[in-house]
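As you go down the protein sequences, you meet chains V, F, D and H in turn. With the working numbering, letter number 41 in the first sequence gets 41, and the count goes up by one each step, no holes. With the working numbering, letter number 17 in the second sequence gets 17, and the count goes up by one each step, no holes. With the working numbering, letter number 95 in the third sequence gets 95, and the count goes up by one each step, no holes. With the working numbering, letter number 37 in the fourth sequence gets 37, and the count goes up by one each step, no holes.
Hints in this document: simulated from the structure, not taken from any laboratory. Fair warning: there could be bad hints in the mix.
To be verified - What the simulated footprint calls covered on chain F by chain V, stretch by stretch (three residues with Cβ under 8 angstroms from a Cβ of chain V suffice, anywhere in the stretch; the number is not a length):
no.	segment
1	29-41
2	54-66
Stated by the list, open to error - Partial selection, computed: residues in chain V whose CB lies under 8 angstroms from chain D:
no.	residue
3	S34
4	M96
5	A98
Just so we're clear, the structure is a prediction, and the values are computed from it rather than from any experiment. Think of the CB as a built atom: it goes at the ideal place given N, C-alpha and C, for glycine as much as any other residue.
In case you want the letters, here they are:
Number of protein chains: 4
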Amino acid sequence: MIDTAGLEAELHKFADARDWHQYHTPKNLAMALSVEVAELVEIFQWHTPAQANAVMRSDEARHVEQELADIAMYLVRLSMVLGVDLNRAVAEKLVMNAQKYPAPQA
Amino acid sequence: MIDTAGLEAELHKFADARDWHQYHTPKNLAMALSVEVAELVEIFQWHTPAQANAVMRSDEARHVEQELADIAMYLVRLSMVLGVDLNRAVAEKLVMNAQKYPAPQA
Amino acid sequence: MIDTAGLEAELHKFADARDWHQYHTPKNLAMALSVEVAELVEIFQWHTPAQANAVMRSDEARHVEQELADIAMYLVRLSMVLGVDLNRAVAEKLVMNAQKYPAPQA
Amino acid sequence: MIDTAGLEAELHKFADARDWHQYHTPKNLAMALSVEVAELVEIFQWHTPAQANAVMRSDEARHVEQELADIAMYLVRLSMVLGVDLNRAVAEKLVMNAQKYPAPQA
């Protein structure tokens, strides 16, 4: 489903080199993740639906990519710190969602 | 860094079978992503740092995994809808971060 | 601008009677405030603009009111705990905003 | 409980003078409110509990006040746009909360 091994290794090395492990507690990383998502929401907040749909053809395209990357990094970092296997968690949640929202029959 | 191809295919099929593409606009998905992150933050909001650090040994462990999975799913879905290559975006952001926060020399 | 004295007194009494002051730290209350706002955002996340505009004539009207009330309560509670005079802060921010976003001349 | 009449009048006049009513839809204002709360959360995200508790004696005190003011302004603006009487909503929610969380007897 999702393979984050390469990113996990990079993020660990990055935090190590800067002595940042002390800040990367679950509570702090959850807050940081919410802040990064809000920076993405901010890009869209005054957009009409049409403007939002065209954002990747606007001069905000790079900014959108950077915010998505930040969210991915904090999500993977938080999962690591908690010892969660994100791929397994996703696989299990997909099964739960399929049961919760059954597809209409063709 | 991060490989999301399997999850992308699953999410596309899931939305397809339920006729959900109409709801999965960038603006709506950004909002949904922020809501899922808040459901994770909610788990930690009244925790002491020690309680937050021990959450995966508490009876909220499964709940934490489910919220992390939901965040991963909306992040990957939003990236797909926007046509963003999340792996490339992450690789570029890591380079930017290394320049912005230089590691102290040993 | 805004008078919150009555609500402050109620919230203090409420926390007092339940021995909740220990939980009401600035960091925790900031997280709780973000969670309440997300519960409001959740109501609107899949709405078209037209549906969102008509929400107070839908069966979610009471739910919207309750979430707005929760946000007001956590905002006032956090301001109290921090010792911030919210009315003064608002008055000063309005002056700043008027300078930052000058109105076009008639 | 809470009196927002003065602020409502100011915010209406402010939006009027800048032709901003078109942007101030319920969906957009809910997003903007979540973004402002995240700007407050950002101040606290890497703080220890002790640092967070001392924030109003730090050089971030004014920043905290400004973010609280922004949140108050978007909350009141959104309530106005929705036609919600925030004072009544708060009074009703306090009654609900007292029933949901009964105080222990002395």
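Against the structure, the hints come out as follows:
For the segment 29-41 of chain F, the stated coverage by chain V is satisfied: 8 residues place a CB nearer than 8 angstroms to a CB of that chain, which reaches the threshold of 3. For the segment 54-66 of chain F, the proposed coverage by chain V is satisfied: 5 residues have a C-beta within less than 8 angstroms of a C-beta in that chain, meeting the threshold of three. About 6 angstroms separates the beta-carbon of S34 (chain V) from the nearest beta-carbon of chain D, less than 8 angstroms, and the hint is met. The beta carbon of M96 (chain V) comes no nearer than 19 angstroms to any beta carbon in chain D, farther than 8 angstroms, and the hint placing it at the interface is violated.
At its closest, the beta carbon of A98 (chain V) sits 19 angstroms from a beta carbon of chain D; the interface hint therefore is violated under the 8 angstroms criterion.
When the structure is compared with the earlier hints, violations turn up for hints 4, 5 and for no others.
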